[in-house]
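Asks: Per the UniProt record's numbering, residue 1 is the first one in the sequence shown, and the count goes up by one each step.
Simulated from the structure, these hints should not be mistaken for laboratory data.
Model, not experiment: these values are computed from the prediction.
Just so it is clear, CB atoms sit at the ideal spot from N, CA and C, and this is done for glycine as well.
Among these hints, one or two may not hold up.
[Claimed, not checked] The calculated label-pair distances, taken between Cβ atoms and stated as ranges, are:
| id | residue 1 | residue 2 | range |
| --- | --- | --- | --- |
| 1 | Gln64 | Thr99 | 48 to 58 Å |
| 2 | Val73 | Gly112 | 36 to 46 Å |
| 3 | Glu27 | Leu74 | 58 to 68 Å |
| 4 | Asp38 | Asp98 | 56 to 66 Å |
[Claimed, not checked] Derived DMTMM-like pairs: lysine to aspartate or glutamate, alpha-carbon spacing no greater than 20 Å straight-line:
| id | residue 1 | residue 2 |
| --- | --- | --- |
| 5 | Lys51 | Glu39 |
| 6 | Lys43 | Asp53 |
| 7 | Lys80 | Asp98 |
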Amino acid sequence: MRWINLGLLVTSFCALIFVYGQKYHAEDLSVQVSALEDEIARKTQELSTLKADWAYLNQPGRLQPIVERHAAVLGLEPIKTEQYQRIEDIPMRPSGPDTDGLEALLLSLEAGVDPNEMSELPSITPPERRP
């Protein structure tokens, strides 16, 4: 019976040390969370100030005199109607890249031929592609 009591006492003491360690660890984490929340609040306030500054700096009434003062240096002109295009007038992209020239170049390099010294690429048939 004495060994059981001694074992329970040692187990209780170890559990006590573990619980206090967890308590202090939780308090440290709480301090870290509090510090992060304070930093987030500061950053949010700073971001709000920067957004207000940006809105002020981009006001047309403030920018117009600056543009007029530096018009000669900037070379800015009003937009002309000829600069606008319709969507239908924009050419479509090609469906895929043209790889024939690249394949011929790579095949000539594999054959040991310098493309800079040749007037024409050799007639090397490219290997068939597998799907």
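Asks: Name the hints, by number, that the structure is in violation of.
Replies: 2 and 7
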